[in-house]
Amino acid sequence: MDTPEAVKMLGEILKSTQDFMKEFGKTKEKEDSEEEKSAELYCKLNSVIQEFEFDLGKGKTFACWYEKHKSFFENEGNSLAENVKVRLLVAKLGGSEYAKISQKMMPQKLDSMRFDILIQELENEFSDPRSKIVKRFEVIKLRCPCVEKVLDFGTLVNSECEKAQMALTVEDSKILIFIAGIPEEANDLRQICLRFVERNSNSEQCTFKQLLEECRSYLATKADAKVFENIQDKVKFEPDYSFEVNNVSKHPIQAQPIQNPKTKDDSENKFIRNNYQERFNYNSRNQRFNNYSNYSENPNKFKDIQCYNCGRFGHYGRDCRKPKGWLNRFNRPQINQVSIDPD
1 MDTPEAVKML GEILKSTQDF MKEFGKTKEK EDSEEEKSAE LYCKLNSVIQ
51 EFEFDLGKGK TFACWYEKHK SFFENEGNSL AENVKVRLLV AKLGGSEYAK
101 ISQKMMPQKL DSMRFDILIQ ELENEFSDPR SKIVKRFEVI KLRCPCVEKV
151 LDFGTLVNSE CEKAQMALTV EDSKILIFIA GIPEEANDLR QICLRFVERN
201 SNSEQCTFKQ LLEECRSYLA TKADAKVFEN IQDKVKFEPD YSFEVNNVSK
251 HPIQAQPIQN PKTKDDSENK FIRNNYQERF NYNSRNQRFN NYSNYSENPN
301 KFKDIQCYNC GRFGHYGRDC RKPKGWLNRF NRPQINQVSI DPD
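According to the UniProt record's numbering, the stretch in the sequence shown is residues 1 to 343, in order.
Be aware that one or more of the hints could be misleading.
Here are the simulated DSS-like cross-link-like pairs (lysine-lysine), alpha carbons at most 25 Å apart as the crow flies [what the hints assert, rightly or not]:
hint: 1; residue 1: Lys-85; residue 2: Lys-44
hint: 2; residue 1: Lys-70; residue 2: Lys-163
hint: 3; residue 1: Lys-174; residue 2: Lys-135
hint: 4; residue 1: Lys-60; residue 2: Lys-163
hint: 5; residue 1: Lys-100; residue 2: Lys-58
hint: 6; residue 1: Lys-70; residue 2: Lys-104
hint: 7; residue 1: Lys-37; residue 2: Lys-60
hint: 8; residue 1: Lys-60; residue 2: Lys-70
hint: 9; residue 1: Lys-70; residue 2: Lys-58
hint: 10; residue 1: Lys-44; residue 2: Lys-70
hint: 11; residue 1: Lys-141; residue 2: Lys-58
Ranges between beta-carbon positions, derived for each pair [what the hints assert, rightly or not]:
hint: 12; residue 1: Lys-68; residue 2: Ala-225; range: 49 to 57 Å
hint: 13; residue 1: Pro-145; residue 2: Lys-109; range: 46 to 54 Å
hint: 14; residue 1: Ser-159; residue 2: Ala-186; range: 26 to 34 Å
hint: 15; residue 1: Gln-191; residue 2: Tyr-316; range: 55 to 63 Å
hint: 16; residue 1: Leu-194; residue 2: Pro-107; range: 35 to 43 Å
hint: 17; residue 1: Asp-188; residue 2: Tyr-98; range: 34 to 42 Å
hint: 18; residue 1: Lys-109; residue 2: Lys-68; range: 22 to 30 Å
hint: 19; residue 1: Ile-117; residue 2: Thr-169; range: 43 to 51 Å
hint: 20; residue 1: Lys-70; residue 2: Met-166; range: 19 to 27 Å
hint: 21; residue 1: Gln-191; residue 2: Glu-36; range: 58 to 66 Å
hint: 22; residue 1: Met-105; residue 2: Ser-16; range: 49 to 57 Å
These are calculated hints, taken from the structure and not from any lab test. Cβ atoms here follow ideal geometry from the backbone N, Cα and C, with glycine treated the same way.
Using the sequences provided together with the hints, build the complete structure.
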């Protein structure tokens, strides 16, 4: 290769290299400028958008918060990359709200989610859990506290009606009035009605007549269940005789019929009285009867003392005149007998 041709070729290579470096420098400067603009826009939006704090009592739901700041994400922040918008949205969540939604979405990280999916998850998590009919019922119960606040009350009614979607049809009005008028003692029926309306809220077939049929079916089932409860209270299965099963004898014995409780009590009382006469003599030699002189001298001193033997007030158990175990005389175990056939 001749020297002039080599010099010419080297010159062309050098020129193309310089052109490439210029283009590369311009591209890098452009990318740097875009990153700077994105960072500047991120900081600007971060300072303008308020932090989200969920408070259902004050109506602070995520849907209301996002509706207020929606333009910052879709208009001003339209040039931001999707991952940058996700980071901006996550940064504006409160401490408790971030902890709650991050624990729910584990093991997936919030920064790795799509922007629209994250918005949907936040709306579902931090929303008003009340059904549409309950919201409408709460609107009906609104009252103005005083005359001076009539205009403020009108503003409140306007906003609450829009939130509850009070564009009621005739069927919706009937259902709402019916459920609101159910008495408190029939709270279970009200729950059945609310569940039925909520289940058919997206269907056009939810009518007032269908709701009444649901109530009629539930009340009929409830009445049938009460009939079975009454049968269990009235029916008692008792055998006509009983077997005694404690003592074993080689001689066969007959099954004894159940005694009349009144006759049984009379026989037990007669036995106790006879035993009482044999064991205790009403004389001064019995020391616990001598102690009754103290009760007669100071009756107010022993009026709050209850005897553990007979259950009466006014004396100690050690000085009781009743036989031992008087309170449990009817609960004593009976001696049962059973016979076996020697064959």
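Each hint, compared with the structure:
1. Under the criterion of a C-alpha separation no larger than 25 Å, the hint pairing Lys-85 with Lys-44 is consistent with the structure, at around 13 Å.
2. In summary, the hint linking Lys-70 to Lys-163 is supported, as the alpha carbons are separated by about 18 Å, within the 25 Å threshold.
3. Taken as a hint, the Lys-174 and Lys-135 pair is honoured in the structure, with Cα atoms around 16 Å apart against an allowance of 25 Å.
4. Our distance criterion of 25 Å between C-alpha atoms is met by Lys-60 and Lys-163, whose separation comes to about 12 Å.
5. A hinted pair counts as satisfied when its Cα atoms are at most 25 Å apart, and Lys-100 with Lys-58 qualifies at roughly 20 Å.
6. The hinted pair formed by Lys-70 and Lys-104 meets the criterion: a straight-line CA distance of about 24 Å does not exceed 25 Å.
7. Taking the CA atoms of Lys-37 and Lys-60, the gap is about 33 Å. The hint is violated against a cut of 25 Å.
8. A distance of roughly 15 Å separates the Cα atoms of Lys-60 and Lys-70; the hinted pair therefore holds under the 25 Å criterion.
9. Among the hinted pairs, Lys-70 with Lys-58 is consistent with the structure: their alpha-carbon atoms are about 20 Å apart, no more than 25 Å.
10. For the proposed pair Lys-44 and Lys-70, the alpha carbon gap of about 15 Å is at most 25 Å, so the pair holds.
11. This hinted pair checks out: Lys-141 and Lys-58 have alpha carbons roughly 17 Å apart, not beyond 25 Å.
12. The hint said 49 to 57 Å for the Cβ distance between Lys-68 and Ala-225, and at roughly 51 Å that hint holds.
13. Between Pro-145 and Lys-109, the C-beta spacing of about 48 Å keeps the proposed range 46 to 54 Å intact.
14. About 32 Å separates the C-beta atoms of Ser-159 and Ala-186, a value consistent with the hinted range of 26 to 34 Å.
15. Between Gln-191 and Tyr-316 the CB atoms are about 57 Å apart, so this pair conforms to the stated range of 55 to 63 Å.
16. Between Leu-194 and Pro-107, the C-beta spacing of about 36 Å keeps the proposed range 35 to 43 Å intact.
17. Range check, Asp-188 to Tyr-98: about 39 Å between beta-carbon atoms, so the 34 to 42 Å window is met.
18. The hint said 22 to 30 Å for the Cβ distance between Lys-109 and Lys-68, and at roughly 26 Å that hint holds.
19. Taken as a hint, the range 43 to 51 Å is violated for the pair Ile-117 and Thr-169, whose Cβ atoms sit roughly 34 Å apart.
20. Restraint check, Lys-70 to Met-166: a C-beta distance of roughly 24 Å satisfies the suggested window 19 to 27 Å.
21. At roughly 59 Å, the beta-carbon separation of Gln-191 and Glu-36 lies within the given 58 to 66 Å, and the hint holds.
22. The hinted window of 49 to 57 Å between Met-105 and Ser-16 holds, with their beta carbons roughly 52 Å apart.
In summary, the structure is inconsistent with hints 7, 19 from the numbered list given earlier, while agreeing with the others.
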